[in-house]
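Visitor: If you want the building blocks of each chain, they are given just below.
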Amino acid sequence: MKLLVSLNVNGQTYDLAVAPQRTLLEVLRENVRLTGTKCGCDDGDCGACTVLLDGVPVTSCLVLAVDGQDKAITTIEGLAVDGELHPLQQAFIDYGALQCGFCTPGLILAAKYLLEQNPNPTDEEIRFGLAGNLCRCTGYVQVLEAVAACRVNDGAAVQESK
Amino acid sequence: MTQEFKVVGKPLPRVDGYSKVTGQAEFTVDVDLPGMLHGKILRSPHPHARILNINTCAAESLPGVKAVITGRDTADMRYAFVDTPRYPADEYPLAQDKVRYIGDELAAVAAVDLETAQQALDLIQVEYEILPAVFDPFEAMHPDAPTVHDTQYEGRSIWEEWGAQKTRRSEAHETVNNVSGRTVITYGEPDEAFASAYHVREDHFETSSTAHCALEPHAAVAHVDPNGQLHMWLSTMGIYYKRYVIAKVLKMSTSQVRLHKVYVGGAFGGKMDVFPYEFCSAILARKSGRPVKIELTREETFTTTRIRFPTYIDIKTGVTREGKILAQHIRTVVNNGAFMGTGPVVIFLFHGWTAPVYSVRNMRYEGVSVWTNTPVGGPQRGHGAPQIRFAIDSQLDMIAEDLGIDPAEMMLKNVRRIGDVLPNGDVLNSCGLTDCIAQAVDVSGWKKKRGESGSNRAERSNGTKRRGVGISTTTMISGAPYYPFASAGIVKLDDDGSATLISGVVEMGQGAETTLAMVAAEELGISLTDIRIVAGDTEQTPVDMGSFLSGGALVTGDAVRLAAADAKKQLLEIASERLDTLVEELEINDGTVCVRGRPDRCMTFGEVVRYSIKENGQPIIGRGSRKILTAAEHYPSLAKGTGRWTDAYGFNAQVAEVEVDTETGQVTLVRATTFHDCGQPLNPQIVDGQVYGCVSTGQGQALTEELIFENGRVLNSTFADYRLPTILETPESAGEAVDSYEPAGPFGAKEVGEGVIAQTLAAIANAVYNAVGVRITSLPITPEKVLAGLEEQRNG
Chain A
195 MKLLVSLNVN GQTYDLAVAP QRTLLEVLRE NVRLTGTKCG CDDGDCGACT
245 VLLDGVPVTS CLVLAVDGQD KAITTIEGLA VDGELHPLQQ AFIDYGALQC
295 GFCTPGLILA AKYLLEQNPN PTDEEIRFGL AGNLCRCTGY VQVLEAVAAC
345 RVNDGAAVQE SK
Chain B
603 MTQEFKVVGK PLPRVDGYSK VTGQAEFTVD VDLPGMLHGK ILRSPHPHAR
653 ILNINTCAAE SLPGVKAVIT GRDTADMRYA FVDTPRYPAD EYPLAQDKVR
703 YIGDELAAVA AVDLETAQQA LDLIQVEYEI LPAVFDPFEA MHPDAPTVHD
753 TQYEGRSIWE EWGAQKTRRS EAHETVNNVS GRTVITYGEP DEAFASAYHV
803 REDHFETSST AHCALEPHAA VAHVDPNGQL HMWLSTMGIY YKRYVIAKVL
853 KMSTSQVRLH KVYVGGAFGG KMDVFPYEFC SAILARKSGR PVKIELTREE
903 TFTTTRIRFP TYIDIKTGVT REGKILAQHI RTVVNNGAFM GTGPVVIFLF
953 HGWTAPVYSV RNMRYEGVSV WTNTPVGGPQ RGHGAPQIRF AIDSQLDMIA
1003 EDLGIDPAEM MLKNVRRIGD VLPNGDVLNS CGLTDCIAQA VDVSGWKKKR
1053 GESGSNRAER SNGTKRRGVG ISTTTMISGA PYYPFASAGI VKLDDDGSAT
1103 LISGVVEMGQ GAETTLAMVA AEELGISLTD IRIVAGDTEQ TPVDMGSFLS
1153 GGALVTGDAV RLAAADAKKQ LLEIASERLD TLVEELEIND GTVCVRGRPD
1203 RCMTFGEVVR YSIKENGQPI IGRGSRKILT AAEHYPSLAK GTGRWTDAYG
1253 FNAQVAEVEV DTETGQVTLV RATTFHDCGQ PLNPQIVDGQ VYGCVSTGQG
1303 QALTEELIFE NGRVLNSTFA DYRLPTILET PESAGEAVDS YEPAGPFGAK
1353 EVGEGVIAQT LAAIANAVYN AVGVRITSLP ITPEKVLAGL EEQRNG
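Quick note, the sequences are listed as chains A and B, same order.
Residue numbers for the first sequence follow my numbering, so the first one is 195 and each next one is one higher.
Residue numbers for the second sequence follow my numbering, so the first one is 603 and each next one is one higher.
You may find that some hints are simply not true.
What the hints assert, rightly or not - Pairwise CB distance ranges (calculated):
| no. | chain 1 | residue 1 | chain 2 | residue 2 | range |
| --- | --- | --- | --- | --- | --- |
| 1 | B | Glu808 | A | Pro281 | 44 to 52 Å |
| 2 | A | Ala213 | B | Asp805 | 53 to 61 Å |
| 3 | A | Asn347 | B | Lys1216 | 54 to 62 Å |
| 4 | A | Gly277 | B | Val1185 | 40 to 48 Å |
| 5 | B | Gly1021 | A | Tyr307 | 52 to 60 Å |
Claimed, not checked - Footprint (simulated), chain A over chain B, 3 or more residues, beta carbon under 8 Å:
| no. | segment |
| --- | --- |
| 6 | 607-620 |
| 7 | 628-639 |
| 8 | 1111-1120 |
| 9 | 1295-1304 |
Just so you know, these hints were derived from the structure itself, not from any lab.
Yeah, the Cβ is synthetic: ideal placement off N, Cα and C, and Gly gets one too.
Sequences are here, hints too, so could you generate the full structure?
Guide: Next comes the structure, spelled out in structure tokens:
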């Protein structure tokens, strides 16, 4: 039996009939057809499926789609506005913070939440904020640099140096 | 050698960056075709059993099931990565007579959705005769041990039309139970050299099974079109290699199989082999008449794709009083699991990663690969280098202590230099090993941290957190002869002055698309943003060696450079006609051709192309190609180590600084100082990323990563239980490329991105010893082992 669910994804409403056991990850990828959210483990261990639920990062493989009802869901596809990249997206490109790109959407969304909670995190706080997102390619060095560059204070410094 | 470049050598942003940060990049798992079915694979729960019967009737009649296949459908499909008269192929897409490890493929189904496919698997009834199993390679070699492959595999190799021998050339070694491969290499006079040595040491080392952990799990999509062409989207490292094997095994003409472009979500060697699930997706698509997608779960990816070979290494080394290595005798045993995988290759590679680093004139090397009832070993970043470099450089550290000399100094006494010729005939036309070691020592503060003598007897700090530094070195090839033996590129100029680069390369994160586009831009004299790239599709792009064997920069890079040079030559000839001057009088600057010294007599690239098309009807299309090894027979001998192998080696040295907690045994990698010789770095930001990634994986494999087995079953097949480094463990990084130029590579470039992983293990192990005096000879360096060592120390 399927349930009717209304999901608000990146500001757009999708009325869907989904089986109650379907995860948010599956429904985003298969029903809404937004495939930027990746399945790396289906166990909540790797963070590749991270999306924001009312602004808070969740591993969407551990959230039932029906629990997304009446919540604002942000996926990686919802970050750029009118083709203009979010500063984190731009920083990931500028600092070479991505390689294969499979973990990148999850990392960027986790970093977005981190910076919203704390616009000037210390290096240590950045590490703790992203500790739930595995990446095998980068060794994380350039990821740390990219996120650090998006701190409000660092951003100001960048602006001044321009 | 300093050369002025406009594009190469600059940290330009990746061309695939935008699509990856916006979630638009398409991976195999994202491919969705109309009417697509979902496939699942039935796997053996037993490590070793004879298949008495498989009944699929109930599964086939389940509504929603569109195709079911078993070993009967794959009976004539024997294949393997190694497939020669000496080492006949030993795998089938689905098991025939026996299952040989937990996870071995028995049957596959395609159904309208995953749930139905899973239900169908549950309905397949298999009758087994459980057989005794063997998990340890030394036990497996005993004459009374169960024999994993008791079938004689005979018949053709799929490589015969590419020159593979039809019959075995040399005599076989004595047959030993379960031995799948053997390499024996001897040169010089080892016995005499050992007899004359001032000091001889013999040590034993062991390394663990590790997993690749690409974040993208393995996946395949297959579809047969009405003309019978098989279309596939695969987690692959080389489209031409996979196309050939799939076509041959499925008895199709190569051109009847097309691999489509997808981005690959990390590979690290693990997506090079052709896997049963890939054949199954194609056979199911053929049988059902519908597209089929098979996505492996993370657990399946951990246990049924490939793992790094657990290796047992014995090294005997004889040295002079001053630390010059006179002779080595190295014996290795690898457990290759239920099938050969690359077992017979890795035992050859262990020597391959030995000879280019230290000059050892007297060598006896013996390697053995062994079948057991465990998951299968295969290529993994470094392919054998982490194991053998861990052993050799750990022992070097021990010898240096015996002699009371600095291990870095001892390395410098033994390392290869430019101009050296290796025992197999490979020539080092570039070799920055000395600089790598010297700079790593300098920048890491080695002398200060080791104490003036540099020896391990330097005073160690007290307290419970102790610091130490260790050093190691390594090497990696820049491409080796393997199908398809060459890469080619096409550069097509457009009438607006931009260019399209067409290459068969696979972008799996290493930055190949960006780097190759930079090579084309540099050669043409335009900017990176003026290049578009069409890549990774067997129907649309020319032959490519694949993104393995670390030949991307040197081989494919040079093919692309030559293609751009060809386009440039045509462009200049047309411009000389139009500008009424000699080609030699022309110069190119930023997409414009001018008569030298005459800024008033110029044509933009677009103008030249438009003129050429309008006046002569000729578009400008350049082509270039590069053989992997310019002067070689097709394959080096795996059994004897003879035959040239590569045009250039990359080199690296690393100093690791660790902190050891003597209360918990926990080892933290604090700082990794890595200097490497990749020739001219094509894109330093991408090169840095490759180095950081290697260091991180090396760190994981040194300290935490280990697949744990119990009676052939993997106990830790999740990211929660198999601990790869998180961002919390990221060490400080220092170091860069040393000044080097490889004449065989495009703009002086050669390998980067694979070798660096291999030195991190011994560097960390040696640093642990330097910190607390505990020598760990088996990886990973767990807190338990460190605490046991400290305990032993206290008990004297």
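Visitor: A separate judgement is required for each hint: does it hold in the structure or not?
Guide: Status of the hints after comparison with the structure:
1. Our hint of 44 to 52 Å for Glu808/B and Pro281/A holds, since their Cβ atoms are close to 48 Å apart.
2. Under the hint 53 to 61 Å, the C-beta atoms of Ala213/A and Asp805/B, about 59 Å apart, fit the expected range.
3. Between Asn347/A and Lys1216/B the beta carbon distance is about 57 Å. The supplied range of 54 to 62 Å therefore holds.
4. Against the hinted window of 40 to 48 Å, the Cβ-Cβ separation of Gly277/A and Val1185/B comes to about 43 Å, which satisfies the hint.
5. Checking the proposed 52 to 60 Å range against Gly1021/B and Tyr307/A shows it holds: the Cβ atoms sit about 56 Å from each other.
6. Coverage of a stretch by a chain is defined here by at least three residues with a beta carbon nearer than 8 Å to that chain's beta carbons; for the segment 607-620 of chain B and chain A the count is 6, and the condition holds.
7. Requiring three or more residues with a Cβ within less than 8 Å of a Cβ of chain A, the coverage given for the segment 628-639 of chain B holds, as 5 such residues are present.
8. Counting residues of the segment 1111-1120 of chain B whose CB falls under 8 Å from any CB of chain A gives 3; the rule of at least 3 is met.
9. Against chain A, the segment 1295-1304 of chain B contributes 5 residues with a C-beta closer than 8 Å to a partner C-beta. That satisfies the three-residue criterion, and the hint holds.
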